[in-house]
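Asker: Sequence:
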Amino acid sequence: PHAVELGPGAMISSLGTARRLQSLARAGYGVEFLGDELGMKFQHVNYLRAPRSKKVTASTARKVDQLFRRLQMEPGPSKQVARLAEKKGWPPPMAWDDIDNPDEKPKLGGKTPGYCYWWRDYEHLKAFGMNDKAIAERLGIPWSTLYQTVHRKKAA
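Counting from 893, one number per residue, gives the positions in the sequence shown under our numbering.
Since the hints were derived computationally from the structure, they do not count as laboratory data. Computed from a predicted structure; not experimentally measured. Be a bit skeptical, because a hint or two may be false.
Lysine-lysine pairs mimicking DSS-like chemistry, simulated, CA-CA at most 25 Å apart [as the list claims (entries may be wrong)]:
hint : residue 1 : residue 2
1    : Lys-1046  : Lys-999
2    : Lys-947   : Lys-980
3    : Lys-979   : Lys-999
4    : Lys-1018  : Lys-999
5    : Lys-971   : Lys-1025
6    : Lys-1025  : Lys-999
7    : Lys-946   : Lys-980
8    : Lys-1018  : Lys-971
9    : Lys-971   : Lys-946
10   : Lys-1025  : Lys-997
Just need the whole structure built from these sequences, with the hints factored in.
Answerer: Next comes the structure, spelled out in structure tokens:
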């Protein structure tokens, strides 16, 4: 059952919670920021993000989910956190269709001709009204790369 269906102290899989926190790191949100937003010490956020436990309370899962929904489309304040998360292989928020599904694999792009690993994120951010320069910054790619790719895709 999903966290919304359970009482606050019920224990559920920590997988979705860890994935949400990892994805928020990839977006540029550090543990101190997330801890402040969640009302938790940063050490606890780090513990949940690892994840060092296979279970989390339903109330914690709900708090993290609400924060994830609020921040997933907004760039975080730290490019350094985003780069470190990328090096750890943590996918960005838009890589997930069903983040709680243990069988779900993040959609990070493929090797098909003309496909960019970040194109799906670009389309989502564009649909939410972000301009191309802000999107390039958010995705951590050079403006010229985004510009060229957009124009190539439009021409195709």
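Asker: Please go over all the hints and tell whether each is borne out by the structure.
Answerer: Right, here's what the structure says about each hint:
1. The suggested pairing of Lys-1046 with Lys-999 holds, with an alpha-carbon distance near 22 Å, which does not exceed 25 Å.
2. Restraint check for Lys-947 and Lys-980: the C-alpha separation of about 22 Å stays at or below 25 Å, so the hint holds.
3. For the proposed pair Lys-979 and Lys-999, the alpha carbon gap of about 17 Å is at most 25 Å, so the pair holds.
4. For a cut-off of 25 Å, the pair hint linking Lys-1018 to Lys-999 stands: about 18 Å separates their Cα positions.
5. The suggested pairing of Lys-971 with Lys-1025 holds, with an alpha-carbon distance near 15 Å, which does not exceed 25 Å.
6. Distance hint between Lys-1025 and Lys-999 is fulfilled; the C-alpha atoms sit about 23 Å from each other, no more than 25 Å.
7. Taken as a hint, the Lys-946 and Lys-980 pair is honoured in the structure, with Cα atoms around 20 Å apart against an allowance of 25 Å.
8. The suggested pairing of Lys-1018 with Lys-971 holds, with an alpha-carbon distance near 20 Å, which does not exceed 25 Å.
9. A hinted pair counts as satisfied when its Cα atoms are at most 25 Å apart, and Lys-971 with Lys-946 does not qualify at roughly 29 Å.
10. As the CA atoms of Lys-1025 and Lys-997 are separated by approximately 29 Å, the hinted pair breaks the 25 Å bound.
Checked against the numbered hints above, the structure breaks hints 9 and 10 and satisfies the rest.
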